[in-house]
Amino acid sequence: MSGKNQDSVKIKQPKVILCDIEGTTTAITFVKEQLFPYVRAKLRNYLIKTWNTDTTRDDVRLLFEQYHKDLIDHQMLGHEIDNNGTFNIDDVCVYVNWLMDHDRKVGALKQLQGHIWENGYKTGQILGHVYEDVFRCFHRWTSEFNVKIGIYSSGSVLAQKLLFSHSCHGDLTPFISYYFDTNIGPKQSADSYRLITEKIDSSANEILFLTDVSEEAKAAKKSGMMAILLERDGVILSPDDKYAFNFITSFDKILFT
826 MSGKNQDSVK IKQPKVILCD IEGTTTAITF VKEQLFPYVR AKLRNYLIKT WNTDTTRDDV
886 RLLFEQYHKD LIDHQMLGHE IDNNGTFNID DVCVYVNWLM DHDRKVGALK QLQGHIWENG
946 YKTGQILGHV YEDVFRCFHR WTSEFNVKIG IYSSGSVLAQ KLLFSHSCHG DLTPFISYYF
1006 DTNIGPKQSA DSYRLITEKI DSSANEILFL TDVSEEAKAA KKSGMMAILL ERDGVILSPD
1066 DKYAFNFITS FDKILFT
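Okay, so the sequence shown: first residue is 826 according to the numbering used here, each after it adds one.
Do not rely on the hints blindly, as some may be mistaken.
Result set (DSS-like, lysine-lysine): computed pairs, CA atoms no more than 30 angstroms apart in a straight line [what the hints assert, rightly or not]:
| id | residue 1 | residue 2 |
| --- | --- | --- |
| 1 | LYS894 | LYS1067 |
| 2 | LYS1067 | LYS1043 |
| 3 | LYS835 | LYS867 |
| 4 | LYS973 | LYS857 |
| 5 | LYS867 | LYS930 |
| 6 | LYS867 | LYS1024 |
| 7 | LYS986 | LYS1043 |
| 8 | LYS857 | LYS986 |
| 9 | LYS874 | LYS837 |
| 10 | LYS874 | LYS857 |
| 11 | LYS1047 | LYS930 |
| 12 | LYS1046 | LYS1067 |
| 13 | LYS1043 | LYS930 |
| 14 | LYS986 | LYS973 |
| 15 | LYS1067 | LYS840 |
| 16 | LYS986 | LYS1024 |
| 17 | LYS973 | LYS840 |
| 18 | LYS986 | LYS894 |
| 19 | LYS986 | LYS930 |
| 20 | LYS973 | LYS947 |
| 21 | LYS1043 | LYS1078 |
| 22 | LYS857 | LYS930 |
| 23 | LYS1046 | LYS840 |
| 24 | LYS837 | LYS1043 |
| 25 | LYS857 | LYS1046 |
| 26 | LYS874 | LYS1043 |
| 27 | LYS837 | LYS1046 |
| 28 | LYS857 | LYS894 |
Keep in mind that the hints were calculated from the coordinates and are not lab data. Just so we're clear, the structure is a prediction, and the values are computed from it rather than from any experiment.
Using the sequences and the accompanying hints, generate a full structural model.
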């Protein structure tokens, strides 16, 4: 595949299509304007109600471990929490909001966010946004071409499954065979995509990765995968990105040869 063009992109039919979420299957605004504010709004009450549960205890333990890593790395310089060697609810609220303010994509935060969103999805307060073309193509690719669909996102696997099982197009999880989060590795590291290739028992050149982030596409391509960039609402690709990769505005633009 070469960059440029973009009425449609013709590629060899892959066996697996691996998708990013934010900016790719789902509007960035849904994540920034609905999911993240929901966590901030519900955080304290959620912690009060669940503080003594095993789930929240584990979430807090992971956050406390991450906090100490951030102290060692001087990430928290000037924002240290006087916690006497433990975290109370106020400490967790301060640290979680600090992590979100700095757009930190650490597993401890993602795990807690997923648990808070779980309640929102199950009570109908949150409905996952998925683009119309994604719904159409998931159905067509799996039923007509026997292509398997995978998800690779910085959000936890729990959060991924919640979004697609409670989407504006209904439950889309029957179309999805694989879920990966940053437990497999950073999204901008080629090694992460090599591990994914091993996990799904496929050849890298039989996997197509779809994302709106060029550094992720570069990493996937370095691992041997095919990669296409998405330029949807709120995403602006640079001229260099458009030269280096095929780019599309809709999954419908992908044609198999």
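Status of the hints after comparison with the structure:
1. LYS894 to LYS1067: violated (37 angstroms)
2. LYS1067 to LYS1043: holds (12 angstroms)
3. LYS835 to LYS867: violated (45 angstroms)
4. LYS973 to LYS857: Satisfied, since the Cα-Cα distance of roughly 29 angstroms is no more than 30 angstroms.
5. LYS867 to LYS930: holds (19 angstroms)
6. LYS867 to LYS1024: violated (35 angstroms)
7. LYS986 to LYS1043: Roughly 26 angstroms between the alpha carbons, so the hint for LYS986 and LYS1043 holds.
8. LYS857 to LYS986: holds (18 angstroms)
9. LYS874 to LYS837: Violated: LYS874 and LYS837 sit about 52 angstroms apart, past 30 angstroms.
10. LYS874 to LYS857: Distance of about 25 angstroms is within 30 angstroms: holds.
11. LYS1047 to LYS930: Status holds; Cα separation ~22 angstroms.
12. LYS1046 to LYS1067: Since the Cα atoms of LYS1046 and LYS1067 sit roughly 15 angstroms apart, the hinted pair holds (cutoff 30 angstroms).
13. LYS1043 to LYS930: Holds, at about 19 angstroms.
14. LYS986 to LYS973: holds (16 angstroms)
15. LYS1067 to LYS840: Between LYS1067 and LYS840 the Cα gap is close to 25 angstroms, so the pair holds against 30 angstroms.
16. LYS986 to LYS1024: Holds - the C-alpha atoms of LYS1024 and LYS986 are around 18 angstroms apart, at most 30 angstroms.
17. LYS973 to LYS840: holds (6 angstroms)
18. LYS986 to LYS894: Since the Cα atoms of LYS986 and LYS894 sit roughly 29 angstroms apart, the hinted pair holds (cutoff 30 angstroms).
19. LYS986 to LYS930: Holds - the C-alpha atoms of LYS930 and LYS986 are around 18 angstroms apart, at most 30 angstroms.
20. LYS973 to LYS947: Satisfied, since the Cα-Cα distance of roughly 27 angstroms is no more than 30 angstroms.
21. LYS1043 to LYS1078: The hint holds at about 21 angstroms.
22. LYS857 to LYS930: Holds. LYS857 to LYS930 sits at ~14 angstroms (cutoff 30 angstroms).
23. LYS1046 to LYS840: holds (16 angstroms)
24. LYS837 to LYS1043: Cα-Cα ~19 angstroms, so holds.
25. LYS857 to LYS1046: Measuring from Cα to Cα gives roughly 28 angstroms; hence the hint holds.
26. LYS874 to LYS1043: With Cα atoms ~43 angstroms apart, LYS874 and LYS1043 exceed 30 angstroms; violated.
27. LYS837 to LYS1046: holds (15 angstroms)
28. LYS857 to LYS894: holds (26 angstroms)
Checked against the numbered hints given earlier, the structure breaks hints 1, 3, 6, 9, 26 and satisfies all the rest.
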